[in-house]
Structure formats: C-alpha cells, structure tokens
Amino acid sequence: MSCPRNEEWVLYAAEELPARRRRALASHLAGCPACRREAAAVSRGLAALAAIEAPGLGAEAEASLRRRLAAAHRPPAVIRFLWRHRWSAAAAALVLLAVGAWMLAPPTSPTPAHPAPGTWLTDVQVQAELAEIAAGVEILEAGADGQVADATMPAPETNGDWLLDEIDRFLEQLRAEIEA
Amino acid sequence: MTQGPSDPRRPEALLTVFAPRVYGLLYRLVGRPDVAEDLTQETMLRAYRGLRSYRPEGKFRAWLFRIAVNLARDWIRRQPRQASVSLEEGADPPVAAALGASAPPDSGVTRRERAARVEAGLARLSEADREVILLRYYGELAFKDIARATGEPIGTVLARAHRALRKLGDLIPEDEI
Ligand SMILES: [Zn+2]
Numbered sequence: 005m006s007c008p009r010n011e012e013w014v015l016y017a018a019e020e021l022p023a024r025r026r027r028a029l030a031s032h033l034a035g036c037p038a039c040r041r042e043a044a045a046v047s048r049g050l051a052a053l054a055a056i057e058a059p060g061l062g063a064e065a066e067a068s069l070r071r072r073l074a075a076a077h078r079p080p081a082v083i084r085f086l087w088r089h090r091w092s093a094a095a096a097a098l099v100l101l102a103v104g105a106w107m108l109a110p111p112t113s114p115t116p117a118h119p120a121p122g123t124w125l126t127d128v129q130v131q132a133e134l135a136e137i138a139a140g141v142e143i144l145e146a147g148a149d150g151q152v153a154d155a156t157m158p159a160p161e162t163n164g165d166w167l168l169d170e171i172d173r174f175l176e177q178l179r180a181e182i183e184a
Numbered sequence: 003m004t005q006g007p008s009d010p011r012r013p014e015a016l017l018t019v020f021a022p023r024v025y026g027l028l029y030r031l032v033g034r035p036d037v038a039e040d041l042t043q044e045t046m047l048r049a050y051r052g053l054r055s056y057r058p059e060g061k062f063r064a065w066l067f068r069i070a071v072n073l074a075r076d077w078i079r080r081q082p083r084q085a086s087v088s089l090e091e092g093a094d095p096p097v098a099a100a101l102g103a104s105a106p107p108d109s110g111v112t113r114r115e116r117a118a119r120v121e122a123g124l125a126r127l128s129e130a131d132r133e134v135i136l137l138r139y140y141g142e143l144a145f146k147d148i149a150r151a152t153g154e155p156i157g158t159v160l161a162r163a164h165r166a167l168r169k170l171g172d173l174i175p176e177d178e179i
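Chains as they are written, first to last, in our numbering: chain A, 5 to 184; chain B, 3 to 179.
Incorrect hints may have been included.
What the hints assert, rightly or not - What follows is a set of in silico ranges between Cβ atoms, one per label pair, in the way DEER data are often shown:
| # | chain 1 | residue 1 | chain 2 | residue 2 | range |
| --- | --- | --- | --- | --- | --- |
| 1 | B | Ala130 | A | Ser68 | 24 to 34 Å |
| 2 | A | Ala28 | B | Arg51 | 21 to 31 Å |
| 3 | A | Cys7 | B | Asn72 | 31 to 41 Å |
| 4 | A | Ser68 | B | Arg113 | 40 to 50 Å |
To be verified - Using 25 Å as the maximum straight-line C-alpha spacing, the simulated SDA-like pairs for lysine to any residue come out as follows:
| # | chain 1 | residue 1 | chain 2 | residue 2 |
| --- | --- | --- | --- | --- |
| 5 | B | Lys146 | A | Glu12 |
| 6 | B | Lys146 | A | Gly62 |
| 7 | B | Lys61 | B | Gly157 |
| 8 | B | Lys61 | B | Phe145 |
| 9 | B | Lys61 | A | Gly35 |
| 10 | B | Lys169 | B | Arg114 |
| 11 | B | Lys146 | B | Arg83 |
| 12 | B | Lys146 | B | Ala161 |
| 13 | B | Lys146 | B | Asp40 |
| 14 | B | Lys146 | B | Ala64 |
| 15 | B | Lys61 | B | Lys169 |
| 16 | B | Lys169 | A | Glu19 |
| 17 | B | Lys146 | A | Arg24 |
| 18 | B | Lys61 | A | Cys36 |
| 19 | B | Lys146 | B | Val37 |
| 20 | B | Lys146 | A | Leu50 |
| 21 | B | Lys61 | A | Ala44 |
| 22 | B | Lys146 | A | Arg26 |
| 23 | B | Lys146 | B | Gln81 |
| 24 | B | Lys61 | A | Leu53 |
| 25 | B | Lys146 | A | Ala54 |
| 26 | B | Lys169 | A | Arg24 |
| 27 | B | Lys61 | B | Leu173 |
| 28 | B | Lys169 | A | Cys7 |
| 29 | B | Lys169 | A | Ser92 |
| 30 | B | Lys169 | B | Ile78 |
| 31 | B | Lys169 | A | Arg41 |
| 32 | B | Lys146 | A | Arg9 |
| 33 | B | Lys61 | A | Pro8 |
| 34 | B | Lys61 | B | Tyr139 |
| 35 | B | Lys146 | A | His32 |
| 36 | B | Lys169 | A | Arg40 |
| 37 | B | Lys169 | A | Cys36 |
| 38 | B | Lys169 | A | Glu20 |
| 39 | B | Lys146 | A | Leu53 |
| 40 | B | Lys169 | A | Ala44 |
Bear in mind the hints are in silico, worked out from the structure with no lab data behind them. Since the structure is predicted, the reported quantities are computational estimates derived from the model, not experimental observations. Just so it is clear, CB atoms sit at the ideal spot from N, CA and C, and this is done for glycine as well.
Bound-form chain A, shown alone (with noise of 0.2 Å):
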C-alpha cells in the first residue's frame, strides 16, 4: 500500500476510519517511518487540545439565558389567549365543527377504519369530533345541573375538578397539533 494521503491520519488519530481501514493502515504504519512521524505529529495535535482551559460562562449570563429561555418555553400566544378564554373557545370550535360537518358530511358516508395520513380532516372524522365535543357539553351540563347520568363519570359532587382536567386534556391535545 502506498502512503495514504496526510489528512486520513486526522481521522485515523481521531478513531474515525472505518475498521477495515484502520486496520490497512496500521499495518502500513509498521514498515512506514514517515507516516509513522506523521501519524504522531497529528496525534500529537489532538493531545495537545486537551490542554486547553475551558471558560466558563458566567453566572449573570447564565441566570439571564435561564430567564430567557423560560420565556421561551412559556405556550404560544394563542394558546395563552385559548387558555383564558376556554369556554368560549370551546363552544366556538363547537360552532366551527358544526358547520365544517354541515358542509363536508354526505348523507352516506364510507367509514375508512383509518383516514389517509396527511388529508385534512374527514367528515366522518368531523362527525367523530363533534360527537365527542357533543357529549363533553352533555356531561358539562349535566354537571352544573349535578345530575350526572353515566356512572363512568366521577360525579361533580365528589370531584369538582375533573371536567377541568378534561378541558385541560383536550387543550394538551390541541396544543401538540398546533406545534406538530
């Protein structure tokens, strides 16, 4: 074999090659004194990196990035705005389904087991949705009237938080998609 060419002993230094390379030149540096001087100048070179003192960032930098980065964090806006204004946000995506379900539903529908990845909302899965939304109302209702019917549900009286946590699960929902 002849020399490789300088830079692979970079990457021969830096454990980067290949097996099967770095065997074929591990053994042209055994009767290769000239790559074998190359191969430690580089290695060498890297050695020497270690050397170098790392500094630190400071600590005000560093409570400042945390702040900022917090702020970052924080949801979107419009999740913000969504959050406050829930309830009406709520009957409002209930108006929006109603009617996207009014426009897109044929009498008879197919029912795909599952809809296409990538195609805009179905109207059977519009009529899925709003079924659902539907029956949170049911439920929403039947709770500030604390006459819940369906046994799964916890009653209102034992736990009053629980619709809240449904709302807050559905908005966990809205807010991936939104992000996704």
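Fit chain B with the ligand to the known structure of chain A by using the hints.
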C-alpha cells in the same frame, strides 16, 4: 417520544449540557466574554425556537454549533478589519461558574504552561482552521459533523484540521505526551 433529562428539546438540557460548550467556542472565536455571552444567548434561543423542526435522530450538536459558528462569523464580519481576532491581552477568562463547567484544578506550573502555549498556538491559527479545531474540542464533533457545522466539504475540513493539529502538536515536546 420520550423527553429524558438529556433530551435537547428541554431547555434545561440546552442550558446544562450545551450552553457552557457553546460559550467556550464563541469565546475563543470572538475573543470577548461579553460578546460571547450575547451570542451564546442568541444561539440558545434560536436553537430552542428551531427545536420543533429538530428530529432526535438528526445530528443535534452539529446543528446547534452551526448556529453558533454562523453567529460568530457574522459578528466578526461586522467588526472593523483587524489582523486577527485574538483574546484580549491579559483578559482573564471569566471564572468557570455554574453549569458543571468548573475550572480544572491547578495541577502545577507545567499544566499552566502547556495551556498557555496551546492557547497562544490557537490564536495564531487562521480563523477557519481555528473554527475546525474549536468545534472538535467544544462540540466534541466527529470531523464529518464538523463539516456539517461549518458548511464545508469534509476534505477541506480535514485539510484544515491536519494543518492546525500539526502546528499545535509541534508546541508540545514528544516526551510531554
Ligand atoms: Zn507511509
């Protein structure tokens, strides 16, 4: 999708794992602690905002350090022309503070001397060669990822690395390794 403590999508991971490294790289590239701090913040914020499009199987570090390198290049380009950017004369690097980036213990004059020699050698490298070396050191990037971070072909990166490593290697006597 999991969000473990080292998941780069968590701001904490950006802070604890990457901020000190990005800062170190930027400090060495621009030579001024105040500018390096500003650019570190900008890098982290841009990275954070861009995280939605980041996929875990991608090369996160190469992507992150590319942001930092580009910011440093922009800053250097905006400066009045100088012979080269070098660390401020006599300026002490800020004391390594939090984020786990504590200064190495003072283990004697030899270590200090060697550090000074290597840092002087770094300052004498061309800007582009220094970039490659700093990405290797602070980013712990493989050379193919350094190529991604600098936007250069791998052959160019290796040529830069070779030239720079030979110069740095010459600063250290063979018996010191
Ligand atoms: Zn040879």
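Status of each hint after checking the structure:
1. B:Ala130 / A:Ser68: 24 to 34 Å: 31 Å, holds
2. A:Ala28 / B:Arg51: 21 to 31 Å: Violated - the Cβ-Cβ distance for A:Ala28 and B:Arg51, about 45 Å, lies outside 21 to 31 Å.
3. A:Cys7 / B:Asn72: 31 to 41 Å: Since A:Cys7 and B:Asn72 have Cβ atoms about 37 Å apart, the given range 31 to 41 Å holds.
4. A:Ser68 / B:Arg113: 40 to 50 Å: 32 Å, violated
5. B:Lys146 / A:Glu12: 13 Å, holds
6. B:Lys146 / A:Gly62: 31 Å, violated
7. B:Lys61 / B:Gly157: 19 Å, holds
8. B:Lys61 / B:Phe145: 13 Å, holds
9. B:Lys61 / A:Gly35: Roughly 38 Å between the alpha carbons, so the hint for B:Lys61 and A:Gly35 is violated.
10. B:Lys169 / B:Arg114: Answer holds: B:Lys169 to B:Arg114 is near 19 Å, not above 25 Å.
11. B:Lys146 / B:Arg83: 31 Å, violated
12. B:Lys146 / B:Ala161: 13 Å, holds
13. B:Lys146 / B:Asp40: Status violated; Cα separation ~28 Å.
14. B:Lys146 / B:Ala64: Roughly 9 Å separates the two Cα atoms, so the pair holds.
15. B:Lys61 / B:Lys169: 29 Å, violated
16. B:Lys169 / A:Glu19: 20 Å, holds
17. B:Lys146 / A:Arg24: 18 Å, holds
18. B:Lys61 / A:Cys36: 37 Å, violated
19. B:Lys146 / B:Val37: 28 Å, violated
20. B:Lys146 / A:Leu50: Distance of about 16 Å is within 25 Å: holds.
21. B:Lys61 / A:Ala44: Between B:Lys61 and A:Ala44 the Cα gap is close to 30 Å, so the pair fails against 25 Å, i.e. violated.
22. B:Lys146 / A:Arg26: 16 Å, holds
23. B:Lys146 / B:Gln81: 30 Å, violated
24. B:Lys61 / A:Leu53: 23 Å, holds
25. B:Lys146 / A:Ala54: 20 Å, holds
26. B:Lys169 / A:Arg24: Answer violated: B:Lys169 to A:Arg24 is near 29 Å, above 25 Å.
27. B:Lys61 / B:Leu173: 33 Å, violated
28. B:Lys169 / A:Cys7: The given pair, whose Cα atoms are some 21 Å apart, holds under the 25 Å limit.
29. B:Lys169 / A:Ser92: Outside the cut-off at roughly 68 Å; violated.
30. B:Lys169 / B:Ile78: Given pair B:Lys169, B:Ile78 holds - Cα atoms ~24 Å apart, limit 25 Å.
31. B:Lys169 / A:Arg41: Measuring from Cα to Cα gives roughly 14 Å; hence the hint holds.
32. B:Lys146 / A:Arg9: Since the Cα atoms of B:Lys146 and A:Arg9 sit roughly 17 Å apart, the hinted pair holds (cutoff 25 Å).
33. B:Lys61 / A:Pro8: Given that 25 Å is the threshold and the Cα spacing comes to 29 Å, the pair is violated.
34. B:Lys61 / B:Tyr139: Holds: B:Lys61 and B:Tyr139 sit about 17 Å apart, inside 25 Å.
35. B:Lys146 / A:His32: 24 Å, holds
36. B:Lys169 / A:Arg40: 17 Å, holds
37. B:Lys169 / A:Cys36: Judged against 25 Å, a Cα distance of about 22 Å means the pair holds.
38. B:Lys169 / A:Glu20: Cα-Cα ~21 Å, so holds.
39. B:Lys146 / A:Leu53: At roughly 19 Å apart (the allowed maximum being 25 Å), A:Leu53 and B:Lys146 satisfy the hint.
40. B:Lys169 / A:Ala44: 13 Å, holds
Consistency note: the structure conflicts with the earlier hints numbered 2, 4, 6, 9, 11, 13, 15, 18, 19, 21, 23, 26, 27, 29 and 33.
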